[in-house]
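A.B. asks: Sequence:
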Amino acid sequence: YGRASDIRGPYLDKNGNDLLYSGGEILDSGDANWAGPGGQDFLNTDVIVRHMYDKNNNGTPMLFISTLNWDSNGWPKY
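Numbering (the working numbering), first residue to last: 599 to 676.
Since the hints were derived computationally from the structure, they do not count as laboratory data.
From a predicted model like this one, the values you see are computed outputs, not experimental measurements.
By construction, the Cβ of each residue, glycine as well, lies at the ideal position given by its N, Cα and C atoms.
Nothing false has been slipped in among the hints.
Computed cross-link-like contacts, DMTMM-like style, restricted to lysine to aspartate or glutamate with a CA-CA straight-line distance of at most 20 Å:
no.	residue 1	residue 2
1	K675	D639
2	K653	D629
3	K675	E623
4	K675	D626
5	K612	D669
6	K612	E623
7	K675	D611
8	K675	D629
DEER-style ranges, computed between Cβ atoms:
no.	residue 1	residue 2	range
9	D604	Q638	21 to 27 Å
10	W673	L641	14 to 20 Å
11	Y599	I663	17 to 23 Å
12	D604	S670	21 to 27 Å
13	Y619	N655	37 to 43 Å
14	G628	R606	30 to 36 Å
15	S603	N655	39 to 45 Å
16	K653	Y619	31 to 37 Å
17	K675	A602	17 to 23 Å
Given the sequences, and given the hints that come with them, work out the whole structure.
C.D. replies: Now the structure itself:
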């Protein structure tokens, strides 16, 4: 992910790297039990809702609802 102060960009990651040139951050890449996190949406500023696939149950899609935290510079984190 990245952000911009203008809708037209440039979109930069938290290190100032342009997303058009290999910049970007990964918020969630799954783990040993869960694959393919995505399709996220947000509720207020502290809840993230997304799907993942359960690797231990034939890839059954599941809905994840988690608290979204923010670092001191305003970037999302878990």
